[in-house]
Amino acid sequence: MGLVMADELLLAILLTSVPLILAATGELVAEKSGVLNLGVEGMMLMGAVAAFGVASLTGSPYLGILGGGLAGLLISLIFAVFVLGLATNQVATGLALTIFGTGLSGLIGAPLVGQSIDGLPSLIIPWISDIPMIGAFFRLDFLAYLAVVLVGLTAYVLNHTQFGLVLRAVGINHDSAHALGYPVLRVRFMAVLFGGFMAGLGGGYLPLVLTPHWAEGMTSGRGWIALALVVFASWRPWRVTAGAILFGGITIMQLVGQARGWAVPSQFLSMLPYFATIVVLVLISRGGRAQFGAPAHLGKNFLITR
Amino acid sequence: MNRSILLLLVAIIALGGIYFYNSSTTKEEVSTDEPLKVGFVYLTNPGDHGWTYAHEVGRQQLQDHFGDQITTSYVENIPEGPDATRVIRELVADGNQVIFTTSFGYMEQTLKVAGENPEVIFDHITGYKRAENMATGNIRFYEGRYVQGVVAGMTTESNQIGYLAAFPIPEVIQGINSFARGLRSVNKDATIKVVWVNSWYDPVKEADAAKVLIAEGADVLAQHTDSPAMLQTAEKAGAKGFGQSSDMHKFAPNAQLFASVNNWGPYYIDQVQKVLDGTWSTGEGPDHMDGNTWKGIGDDFLVLTEFKNMPDDVAAAATAARDGIADGSLNIFAGPMMDNEGNTILNAGEVLDDGGLAGMNYYVEGVEGSLPN
Chain Y
461 MGLVMADELL LAILLTSVPL ILAATGELVA EKSGVLNLGV EGMMLMGAVA AFGVASLTGS
521 PYLGILGGGL AGLLISLIFA VFVLGLATNQ VATGLALTIF GTGLSGLIGA PLVGQSIDGL
581 PSLIIPWISD IPMIGAFFRL DFLAYLAVVL VGLTAYVLNH TQFGLVLRAV GINHDSAHAL
641 GYPVLRVRFM AVLFGGFMAG LGGGYLPLVL TPHWAEGMTS GRGWIALALV VFASWRPWRV
701 TAGAILFGGI TIMQLVGQAR GWAVPSQFLS MLPYFATIVV LVLISRGGRA QFGAPAHLGK
761 NFLITR
Chain R
636 MNRSILLLLV AIIALGGIYF YNSSTTKEEV STDEPLKVGF VYLTNPGDHG WTYAHEVGRQ
696 QLQDHFGDQI TTSYVENIPE GPDATRVIRE LVADGNQVIF TTSFGYMEQT LKVAGENPEV
756 IFDHITGYKR AENMATGNIR FYEGRYVQGV VAGMTTESNQ IGYLAAFPIP EVIQGINSFA
816 RGLRSVNKDA TIKVVWVNSW YDPVKEADAA KVLIAEGADV LAQHTDSPAM LQTAEKAGAK
876 GFGQSSDMHK FAPNAQLFAS VNNWGPYYID QVQKVLDGTW STGEGPDHMD GNTWKGIGDD
936 FLVLTEFKNM PDDVAAAATA ARDGIADGSL NIFAGPMMDN EGNTILNAGE VLDDGGLAGM
996 NYYVEGVEGS LPN
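Residue numbers (this note's numbering), protein chains in the order written: chain Y, 461 to 766; chain R, 636 to 1008.
The set of hints was computed from the structure by calculation and includes no laboratory data.
Do not rely on the hints blindly, as some may be mistaken.
To be verified - Computed beta-carbon distance windows for the label pairs: (1) Y:Ile-738 - R:Gly-913: 56 to 62 Å; (2) Y:Leu-743 - R:Phe-739: 47 to 53 Å; (3) Y:Val-608 - R:Asp-934: 54 to 60 Å.
Unchecked claim - Here are a few chain Y residues that sit away from chain R, every Cβ distance over 12 Å (derived from the structure): (4) Leu-526; (5) Gly-595; (6) Leu-610; (7) Gly-612; (8) Gly-624; (9) Leu-625; (10) Arg-682; (11) Val-691; (12) Leu-715; (13) Arg-720.
Note that this is a predicted model, so its numbers are computed, not measured.
Built from N, CA and C at the ideal position, the CB exists for glycine as well.
Make a model of the complete structure from these sequences and hints.
Right under this line is the structure:
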């Protein structure tokens, strides 16, 4: 009985961390190329409304995944045009993107309120899924499995391919990369679009799996947690995944603590993930950015000098 | 560089403009012959379920009832902060003669604008501060929760009830305690596990909390939060639950036992009728108690949807409890009543008055744990 319960809780932890894994991995790639996109919350909401809308219209949650990713990609295109094309301030543009995404998703989603869809089914892998504890990892859905594959691909491309090397070089020093003949803006453009696509998938996970309806602002700040996670994980994909599961774990365990009457104030546990992020930020500012893998040119715009 | 800053500013203003246009559009229904103008302030957009939706249904009933005699309009997505003051002032400037502000967090703002505009009538929902031109209206939400408790007590097999709560304010605590009174009236072994979500509206967190409660053994769930996420989770897991503020059966056709529906129409109609007749008043005295309306099932302020997904005997018990509350023969908080630490709150023969209800700061028997400070 005890193990069955623990299994259910582990599954809940994994499910609640999937949107964070997806969005944070996308943001990680954008940041590695030197672009800070604070619009994750807005992109996630666009992904959520599009995923729900497509799934509701076509009846297929799998097409919903695609819709969510594409919507995130499209809205990040706006960001890319401003930040890369017009060299606008990244922080201000990112914040504007969040406000824009929040408003636009509410407008688009108005007719979808109150509808219900069949979410993504669990794809239970027989035999392995019956093993206690580990089994929970094999009772997920298509998008969750896809998330793991995407994290693996991201880690591989960033660390073991020439494209990854160029992308990191662009983030560390765009002037040097430019001098060496690498297409700084094109690389960043692709990184931003990838970030948007992943944030869209992450947002789409909410209505497709976690709670199969659309509601305005349903991400409730998860985009900001994803941003914090990238810092928390010091820009490493697998650490982002571990960090997201840790965040998810704290979220679920504070609810469990309440249900079991643990004598820890729920507000304290709710605060923990944010507190951990602040600690990491302090450590980074003390220990130097490079040591933690922060791209040196993060947030700086590249202007081609002739 | 200057050019790009300019572009950015233009973009931000444009994006902001779109956002705010969307968030505070005023929608009006026009009629003729200088009708009475009635304005509403909504916390969110009405959508089709939950707290604000219930107010929107009430507004439509009001409009239909009086037809050409009044025009109604609403402003949606107004946060419970200083900005609400501006919005309420705008409604006054637009010529609204009666203004309903439909969330607890508008209390101070409504009071402030009421003080500035003595010729306009204000009606604040769920608050307790009144003025000569500001009344308050509230529903005895907790009455519906007693009936939920009765149904839960007869439905549960694990004797574990999960309860999602938003914030530890009196209204929510009344609900938990009333639920526990109903639960214990039919099932002495059942207990309630309360989980505080610290939000009125966070669908993902509500779904997480519901999953946790089910994993911890709860098989019937209740909620004092706004989204249908809990019911959807219960539906998927094969558990049961109750809808909040409005009927949510379409989200959970097999899981929703019934919903307590907030029915504001009668209150709005009553208030506007008094204004039209010239008899509207909050009375004398510092508290203006004549302007205080707090009614429940007996006055149709709270309506329970059809009892579904339960055996006939449970539905019969629910009906009996509902009718008993409606005709006054059943008093939910009548002694003997103990808190969950064994202290006596009410002796046999005593009943809790409205002041005692408003000041509840304890859990009654049947609720696990202790109230957060």
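Structure-based check of all given hints:
A hinted range of 56 to 62 Å holds for the C-beta pair Y:Ile-738 and R:Gly-913, which are about 60 Å apart. Taken as a hint, the range 47 to 53 Å is violated for the pair Y:Leu-743 and R:Phe-739, whose Cβ atoms sit roughly 41 Å apart. A hinted range of 54 to 60 Å for the beta carbons of Y:Val-608 and R:Asp-934 is consistent with their spacing of about 56 Å. Chain R leaves Y:Leu-526 outside its interface by the beta-carbon criterion, the shortest separation being 22 Å against a cut-off of 12 Å.
No beta-carbon of chain R is positioned within 12 Å of the beta-carbon of Y:Gly-595; the least distance is around 14 Å. With 12 Å as the threshold on Cβ separation, the claim that Y:Leu-610 sits away from chain R holds: the shortest Cβ distance comes to roughly 21 Å. Here Y:Gly-612 stays apart from chain R, with its beta-carbon at least about 25 Å from theirs, past the 12 Å limit. Look at Y:Gly-624: its CB is around 30 Å from the nearest CB on chain R, clear of 12 Å, so calling it non-interface holds up.
Chain R leaves Y:Leu-625 outside its interface by the beta-carbon criterion, the shortest separation being 30 Å against a cut-off of 12 Å. Separation of Y:Arg-682 from chain R is inadequate, the least Cβ-Cβ distance of about 7 Å not exceeding the 12 Å criterion. No beta-carbon of chain R comes within 12 Å of the beta-carbon of Y:Val-691; the shortest separation is about 22 Å. Listed as a non-interface residue, Y:Leu-715 fails to keep its Cβ farther than 12 Å from every Cβ of chain R; the least gap is roughly 4 Å.
Non-interface status of Y:Arg-720 relative to chain R is broken: a Cβ of that chain comes within 12 Å, the nearest being about 7 Å off.
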